[in-house]
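Given the sequences, and given the hints that come with them, work out the whole structure.
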Amino acid sequence: MNGDVVLAVDNVSKSFGALAALSRVSFAVRAREVYSVIGPNGAGKSTLFNVIAGLHVPTSGRVAFGGADITGLEPQLINRRGLAKTFQITNIFPGISVYDNVRVAAQSRAPVSGRVASLWRSPDVEGPVTDLLSAFGLMARRDDLAQNLSHGEQRYLEICLALATEPTLLLLDEPTAGMTPGETKDATALIRQIAQRRGLTVLLIEHDMSVVMGISDRIAVLHFGEKIAEGPPEAIRNDPQVIDAYLGGVDD
Amino acid sequence: MSRPLPWWGWLIFAVLAALPLTPWMSRYYMLLAFDALLFGAVAMSLDLLMGYTGLVSFGHAAFFGLGAYSTAVLLERGVLSLWLCLGLAVVVVGAYALLVGYFATVRRGIYFALLTLIFAEVVYTVFRYTQAFGGSDGIQGLPAPQLWPGAAIDTPVRIYYLVLAYLLLAYLACRVVVRSHFGQVLVAIRENEDRARFLGYDVQRYKMGVCLISAVLTGLAGALYPGRAAYATPDLMHWSISGEFIIMVMIGGLGTLVGPIIGGAFFILLQEKVSSYVQWYSIVIGLVLVLIVLFAPHGLFGVRRAIRERGRREASASQEARARGEAPG
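In the order they appear, the protein sequences are chains A and B.
Under the working numbering, the first residue of the first sequence is numbered 1, with each subsequent residue one higher.
Under the working numbering, the first residue of the second sequence is numbered 253, with each subsequent residue one higher.
Be aware that a few hints might be false.
[Unchecked claim] Cβ-Cβ distance ranges computed for the label pairs, FRET-style:
no.: 1; chain 1: A; residue 1: G72; chain 2: B; residue 2: R359; range: 14 to 22 Å
no.: 2; chain 1: A; residue 1: L19; chain 2: B; residue 2: R556; range: 52 to 60 Å
no.: 3; chain 1: B; residue 1: R562; chain 2: A; residue 2: A20; range: 54 to 62 Å
no.: 4; chain 1: A; residue 1: G66; chain 2: B; residue 2: F547; range: 49 to 57 Å
no.: 5; chain 1: B; residue 1: R556; chain 2: A; residue 2: M139; range: 24 to 32 Å
no.: 6; chain 1: A; residue 1: R198; chain 2: B; residue 2: G495; range: 50 to 58 Å
[What the hints assert, rightly or not] Which residues of chain B face chain A? A partial, calculated answer using Cβ under 8 Å:
no.: 7; residue: S432
no.: 8; residue: H433
no.: 9; residue: V437
no.: 10; residue: V439
no.: 11; residue: A440
no.: 12; residue: E443
no.: 13; residue: N444
no.: 14; residue: D446
no.: 15; residue: F450
no.: 16; residue: L451
no.: 17; residue: D454
If you are wondering where the hints come from, they were derived from the structure by calculation, not from laboratory data.
C-beta: ideal position from N, C-alpha, C; glycine also.
Here you go:
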């Protein structure tokens, strides 16, 4: 059943000097599922994302997206194949308006982008930008500078930027980081709903267990750079090795 | 597409066009006005890099000087067509800009400023010590270029109109570029280069592109210079000239196009006026720059925007106050 696999991470290792951030991690994400990677701080989650999205070249192993090898490609090339990433630390365009933020993201998919004609033309992306801003409740703030948004709104804008590039696979790096429990709940529901409506595959990094358990189809657990478990939420919750290594006896 | 120029833009253009018709415009003032507009155009071209893309070039004097030498070499050999001079400047400056642009944008951060400076110093040194280009004397005593055979641009008024036309065309071109998709990507790169890459933009390509455009526009301005001065010297490429270009942009206001034009003109007029009274004019100019950085950090043109924004802030603050006043009732 390999035709179903959108993203295949195959034996990926990444070392920074003597530090092995990832050792021989393998997993496969299937079309339209929400797949989560959890693990304590320093487990290698963000390194894994950075390897997949093209910021780091893995020391060994390969990453395949949509059946093609993308190991070591530049981030902009990987993004153009339909893989978009959000950042754990909000990574937006602070000094321009909310609308302009999403517009420049959406325009990257216009046929004129990257051509000489883009020197005098500006493709119309009003429709998709407005849709995204509405979906995330940001329409009222479209003309405000992105840096003046609240933290929660900036987290949403972060997701809007990634979605505006019309990905088939969305990598979310702790999308609810810094949100209140109420906001987290809303955000989780919204992400799930948007992923379903757009037919997206989602790869999620989280440390907040309530988020992961509620949203994921399958979960992998990273511990000191190694995958120690993988399975549906109930299985992970009850896996003694996971409880030992990561949950530390937390019941629920 | 929006109007190419707002009404006040046409008004300023009309005033500038009428300037030579006024009785007090002597030869001296005509040439001073030429310099003001020419360096205004250069500062505007540099603003594409500094203000819109967030890249500070310390080597724009080389683009200017290469443009000037392109014209000088042709005029010296009796090739008087202005169009050939401009064409050669585009080719020479464009090729050099691609070379510098490539190496200066391979690495991020300070390297752009460093490498543009180093390349420009190399060009300066080459021209300074190459006898074929006249060494430190440069190429002197050049004839006037011609629009077409018989139509020499040989009076201050004619050369003034030439630079005014160039400034208008270059401004309109820059305005289209900064409002285009390309221009919006430049701003995105200025705001957050990493994020732009993760949205699928090849950042280095965009940086090289804007470097090329900025350099060619600067080189074209340089190519007009021998028409006014009848010479091209290596001093035009000295690093201190690049520094003055940066100051012009800062005085005028980053990322506004119009601001740097004002900044360039202001700088030239200030320098000329102050230096005719005192030797230590650069102290005065430095002081003016410090005052602008302290009290008008967005430049002379930015003052307009600051006033508008203050008005908006006060309006929204009074609205909020009103809302608060009604709430308890």
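Each hint tested on the structure:
1. G72(A) with R359(B): 14 to 22 Å: 19 Å, holds
2. L19(A) with R556(B): 52 to 60 Å: 53 Å, holds
3. R562(B) with A20(A): 54 to 62 Å: 55 Å, holds
4. G66(A) with F547(B): 49 to 57 Å: At 56 Å between Cβs, range holds.
5. R556(B) with M139(A): 24 to 32 Å: About 29 Å separates the Cβ atoms of R556(B) and M139(A), which means 24 to 32 Å holds.
6. R198(A) with G495(B): 50 to 58 Å: Roughly 51 Å apart at Cβ, these two residues keep to the hinted range, so it holds.
7. S432: Holds: closest Cβ of chain A sits about 5 Å from S432(B), inside 8 Å.
8. H433: At 4 Å from the nearest chain A Cβ, H433(B) passes the 8 Å test, so the hint holds.
9. V437: Holds - the Cβ of V437(B) comes within 8 Å of chain A, reaching about 6 Å at its closest.
10. V439: OK, holds: V439(B) within 8 Å of chain A, min 6 Å.
11. A440: This interface hint holds because 5 Å falls under the 8 Å limit.
12. E443: 4 Å, holds
13. N444: With a closest approach of 5 Å, the N444(B) hint holds.
14. D446: Since the shortest Cβ distance to chain A is 7 Å, the answer is holds.
15. F450: At 5 Å from the nearest chain A Cβ, F450(B) passes the 8 Å test, so the hint holds.
16. L451: 5 Å, holds
17. D454: 5 Å, holds
Hint violations for this structure: none, all hints satisfied.
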